[in-house]
Each structure stands twice: as C-alpha cells, then as structure tokens.
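*Asks:* Sequence:
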Amino acid sequence: MWIVCFSVSVNLLLLVVPFFSIEVFDRVLSSGSVETLVGLTVIAVGALAFSAAFDTFRNRLLSRFAVGFEHCLAPIILEGSITGAAPGDGRQHDLVKLRELRTFLSSGTVTSLIDAPFLPVFILILFFLHPWYGVIALIGVGVLLAMGVASHWIARGEIAQASQAALKTQALLDGIVRHSSVVRAMGWTRGAIRAFMSLNDEALAPVVRASERIYTISAAARMVRTILQIAAIGCGAWLVLQNEVLSGSLIASSILIARTLQPMEGLVSAWRALASAQDAWTQVCNAAMPVLARPRKTLLPPPAGMLKVERVTFRIGGTQRPILAGISFQCRPSELVVVIGPTGAGKSTLLRLMAGLDRPTSGTIRLDHAALHTWDPDQLGQFVGYLPQDVQLLDGTVAEAIAGFDEYARDEAIVAAAMLAQAHEMILSLPAGYQTEIGRDGCRLSGGQRQRIGLARAFFGDRKLILLDEPNANLDPDGEEALCSAIQSAKARGAASVIVTHRPRLLTIADAVLLLRDGNQVAFGPPYDVLRAQRPAPVPGSPGLPRNVEPQRLPGRRVIP
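The sequence shown runs contiguously to residue 561 in the UniProt record's numbering.
Incorrect hints may have been included.
Cβ-Cβ distance ranges computed for the label pairs, FRET-style [what the hints assert, rightly or not]: (1) C443 / V149: 19 to 27 Å; (2) S429 / T103: 44 to 52 Å; (3) T374 / R64: 35 to 43 Å; (4) D376 / S429: 35 to 43 Å; (5) S429 / D406: 55 to 63 Å; (6) T103 / P477: 25 to 33 Å; (7) D390 / L292: 40 to 48 Å.
Just so you know, the hints here were simulated from the structure itself, not pulled from any lab data. Here a beta-carbon is modelled for each residue, glycine too, at the ideal position from N, C-alpha and C.
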C-alpha cells in the first residue's frame, strides 16, 4: 500500500518540471517578475526534493518487500526440495530461482512496471496541451510496446534454453568440485575442464544470441524515443508559429513525452530480466504448490516399533518391470531382520520405502498398525534411525552430525548415541573430540569413522525402528564386532531393526532373514532355515557332509551353515 502511495506521489511531483517550464516561459518572461521566478524555483526545487525522498522510500520498501518475500517462501521451497526432490531432478536449484526473483523485485525494472500505469495521466495532460502532443505520445507508446512484445517472443526460447543449460552446467560443476579428489587421482582434471567448458559454451551460446537481439531492439527503442522527442519539439515549434499554443508548452511537451516513454524504454531494455523473472516465478510456484496443498497430518502416539510390510510393490514411473513385487514380512520390537540378496535385488529400495522416503506403488507398510504415509514426516523421523549406503554426513562438528538439526539436543544424548554405536572412544581420539569439524560429507574422516558416526546418528534419540543399509561396508573386524554389539543393545532397548548386508557376521545375531532376488521375495524366516533352503544340492556321488558331523564352530560365534 505504501509503495503505491509513494509511486503516486513521485509521478505527480514529476509534473512540476513541465508546469514550471510553462509558467517561466509564459508568465515570468512576459512579466519580467524576478519575485515570481524565485518563488516558482523554490516551489519546484522543494517538490523535486520531496519526489526524491519519496522515491528513496519506495525503493527501500521494495527492497524490504523482496527480502520478506524470500523469507516467507524460502522455508516452503526448501521443504519441497527436501521432501519431493529426487537426485538429479534440479529441485535443489529452486532456492536459486527464488533468490533471482528477490533480486528482480528490488531492481529498477519493477520501478518501471509500477510507473507504467501512470502513462495515461501524462498522455491526457499532453492531449490537454494540444491533441498533436497526445498523438505523438500514443504513437511512441505503441511502437515501444510492440518492440517489447517482439523482444519477448524473439528471446523467449533462447532464455529458457539458457536457463536449463545453466542448471546442467552448475550440476556438473558441483559434481566436479565435490569429487575433486577422485578427479585428481584418476587424472581427469583436463577432461573435467573440457567437459565443463563444452557444457558452459552450450549454456552461453543462447545467452549471447538473446543478448544480441535484445540489445538491437533496445538501441532501436532509444532511437525511437529520441526521434519522438525531436518530433514533439518540431511539432511544438510549428504550433507556436501557428499561434495554436504558447511557447512554454513546447518545452513542457518535450519533458512530458520523455517522461511518458521512459518506463516503456526501460521495459524494452529489461525484457530479458522480465523473461528470466517469469521463468523463476513459474519454477518457484511449481515448487511451492505441492507443499501448500499438502494436508496437515494428525500426530500419532509414539510407536512401539511393530513393522509390517504387506504385499508391497514398487515401480518407477511407467516402467513395466517393478523394482519390488509382492514383498511381505514383519519385524517385531526387539527383533532383527537381515535383508540379503544379489546386487540389484531391491534391498536399498525396500529400506527407503520403510523409511518413508518413497511410497509403494501398491501394498502398505505399517508402523504400529498405521500406514507410513499417514504419519507426520517430522514425527516419524523422530522414531526412525536410517543409515543409507552413502552415509551423507552434514557439514559441521561431530556432535552436530550426530544430533542433526535438533536444537534441543543434550550432550548426554549425543554421547549416549556414540557409546551405543561403539564410537565414543574413536570420537575422543579426534583432534577436538565431539567438536571436531568433519567437513562436507565428512571428507576429513576415514570411511570407517564416517560409518561409525552415521551409526551413532541412527541411534540418536528414542529410535523405535532402526534401518541400516550396508552398515559394515567400511568397517574392519573390530568395527564389525562393535556394530553387532550396538545392534544387540538396540534390540535390548526394544527397537525393531532391519539391516541390509552382504557379510555373514550379522546373520549370527539375526532373528529372521529376508532373501530378495530380482525384486521378488524368495524366502523369509529363521536364518538357518532360509540359508539351508538356498544351499546348492550335493553333487551325486560326492561324500557330502555326514549327518552326524556338526560344522566347525568358531569361539564366540554362532554357526550359520
């Protein structure tokens, strides 16, 4: 509201200059009154000072409005990026588009847009001075408007193409920087630079083409404005000679026509910014609408940890072959289910479904009789400890990596989680203990250290369901024993645990084994029964293993035949 008020004031006060010209030429020069000249000058200067002040206030309000706009939408956009983004779909750039929109809202282009509705006022005044002045102004507005539309349609495709190419270039750059050690070790530095420059050139080519076309039209717009001002002066001089207008209107009309055409010329020159802002607004709306339309979910009582997977099938998009088909099993509190199977069997996908990251195409996954999609995501996350194959540690200290974004996390709870994961002594051996900076994705830690800290993060808080994907992939024998001890402690606390693994050690403490192959459930049951059923049949004539001979037992280990 205040922006509108200040805009009205600024544009009305700008009329002081043409009226000052009329008064000086038609009254002061004819009367020779110095007092009148001084008075008019003081009034004009005062009005222009107020206009400058109002313009300053308007720009400040626009800047604050732009910041407030970003402040209000940033949480919504970020939530949409977190809850709805798939790797590589570009949703991580939605916040970049929001910042582009904020920059646009505080730019001079928006000021030109706000001033555009006042053009009819200036044109009416020009018609009041003389109809020919109004006709010249209308012609100028029409020509510049046509140029603006032409600029939009000519550069629209190029700008959209440049925007998409820029996202791909940024994604490639992020990947190169994130995996710079691999790039250097494999001797890919020059190849990475060539790939980046090639993609960057593809992104710059449409930008150059769009800029060239827009600059050409902008130069033509400036020429049109200048020609129209010359036409206004020439027309005014002819009208003065014909005694149809006074000489003051000649200067006034020139100033008013320049003021009328200025916003239009600004819009023509800034059409690329307008097109980019339109593209950013579309992307921001697409990111915000799913979050705003998402219904609020009722908070459920804390779960006991009873997990049921009922005939779950999952496929991506319109693919014919499902990634998972007809999976059914359950895991009770204090039980451990180990998921095994060859690569590509769908084990990690099943864990993602149980963590609530994806929703089954058909079937249901329940936690304490409530389907996962009926839980509030933030509430569900308080009771689920999830460790993916890629540990994905957040940048910050070890304590922050364990507690995540829990601002109320107590040191005792962080240490307890580390001790449960058998990581406490390892953390204390770091240079600053729990306050050690781990870097982006834990780059300052070894693979085993990252795995231990990720395990502590999964155990942090009151977790009722523990989901671990290859937790022993980077662990040495001592670390694997510590992992088994941690899982047994979690079982003792009453947590249900589902673990994906390729190593046999975790099978010794498992209550059940789920065997997957090609997305299908091959077997589910006690470890001994499942593995015995999968044992290859003995070759005819081979002695085999005598029935009365027990397999060799290692000290302290349970035998899995």
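*Asks:* Given a hinted range of 55 to 63 Å, is it respected by the beta-carbon distance of S429 and D406?
*Replies:* Violated, at about 25 Å.
*Asks:* Just tell me: holds or violated, for the beta carbon distance of T374 and R64 against 35 to 43 Å?
*Replies:* 41 Å Cβ-Cβ, so the 35 to 43 Å window holds.
*Asks:* Quick check: does the Cβ-Cβ distance between D390 and L292 fall within 40 to 48 Å?
*Replies:* violated, 31 Å
*Asks:* Confirm or reject the claim that T103 and P477 have a C-beta distance inside 25 to 33 Å.
*Replies:* violated, 55 Å
*Asks:* Cβ-Cβ distance between S429 and T103: within 44 to 52 Å?
*Replies:* For T103 against S429, whose Cβ atoms are near 47 Å apart, the range 44 to 52 Å holds.
*Asks:* Check the following: the C-beta atoms of D376 and S429 are separated by a distance inside 35 to 43 Å.
*Replies:* Between D376 and S429, where Cβ atoms are some 39 Å apart, the hint holds.
*Asks:* Is the gap between the beta carbons of C443 and V149 within 19 to 27 Å?
*Replies:* This hint is violated: roughly 51 Å between Cβ atoms.
Of the numbered hints given earlier, the model fails hints 1, 5, 6 and 7; all others are met.
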